[in-house]
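Enquirer: Model the full assembly from the supplied sequences, consistent with the hints where possible.
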Amino acid sequence: AQRVTQPEKLLSVFKGAPVELKCNYSYSGSPELFWYVQYSRQRLQLLLRHISRESIKGFTADLNKGETSFHLKKPFAQEEDSAMYYCALSCHRGDQGAQKLVFGQGTRLTINP
Amino acid sequence: KAGVTQTPRYLIKTRGQQVTLSCSPISGHRSVSWYQQTPGQGLQFLFEYFSETQRNKGNFPGRFSGRQFSNSRSEMNVSTLELGDSALYLCASSAGAARSLHFGNGTRLTVT
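Residue numbers (my numbering), protein chains in the order written: chain R, 71 to 183; chain U, 999 to 1110.
Incorrect hints may have been included.
As the list claims (entries may be wrong) - Computed list of lysine-lysine pairs in DSSO-like fashion (alpha-carbon distance at most 27 Å, straight line):
id : chain 1 : residue 1 : chain 2 : residue 2
1  : U       : 1055      : R       : 170
2  : R       : 135       : R       : 85
3  : R       : 92        : R       : 170
4  : R       : 127       : U       : 1055
5  : R       : 79        : R       : 92
6  : R       : 170       : R       : 143
7  : U       : 999       : R       : 127
8  : R       : 170       : R       : 85
9  : R       : 143       : R       : 127
Don't read these hints as lab results, they were simulated from the structure.
Expert: Take a look at the structure:
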């Protein structure tokens, strides 16, 4: 069965400190992983996806297939990073583009001034 | 481009009633999927439609159904409402192969 685990419901760090939000997954196929973010009073939006290997707003995430992890990291946290973060696993079937995302329970990140 | 639009934003229904939620995807997006969000279960996949066909379905009872129209707009219906159906229902659209979803603001359903 597909499963995404975010072990921390709440994470609080000081501004300027490094941030790491943990995500572990369980999936027998080839995983496709995402981080979504929801800022206060805004809709859920894509932050980054592993296939892009990009850095968005200073955040990066590396897929580690050996540890089945996709942790989100930022070297220096900013107050505007305070939000709810969701890790998600795409469980698409063989037919092109069929989509089903399995989400973790989310981590609420608070950056203290 | 306009974002994903969901209507209505809020609904209050009583047990046993049925409800229809609407979603207009981003122009050009042909895939529409629905998620239920609750404090206890988090975000759970309901179903996904592409070109008016349901391609994927989550583990929800048959009371939950949906459809997609030729203009890609989608509706989901919940019949015989139960208290446990109270949730935020999110619709998301995508261009398909890109697999990244664009979410609407959701419809908050309260069942009393």
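Enquirer: Each hint needs a verdict: does it hold in this structure or not?
Expert: Hint check:
| no. | hint | result |
| --- | --- | --- |
| 1 | U/1055 with R/170 | holds, 8 Å |
| 2 | R/135 with R/85 | violated, 31 Å |
| 3 | R/92 with R/170 | holds, 21 Å |
| 4 | R/127 with U/1055 | violated, 34 Å |
| 5 | R/79 with R/92 | holds, 10 Å |
| 6 | R/170 with R/143 | holds, 25 Å |
| 7 | U/999 with R/127 | holds, 22 Å |
| 8 | R/170 with R/85 | violated, 35 Å |
| 9 | R/143 with R/127 | holds, 11 Å |
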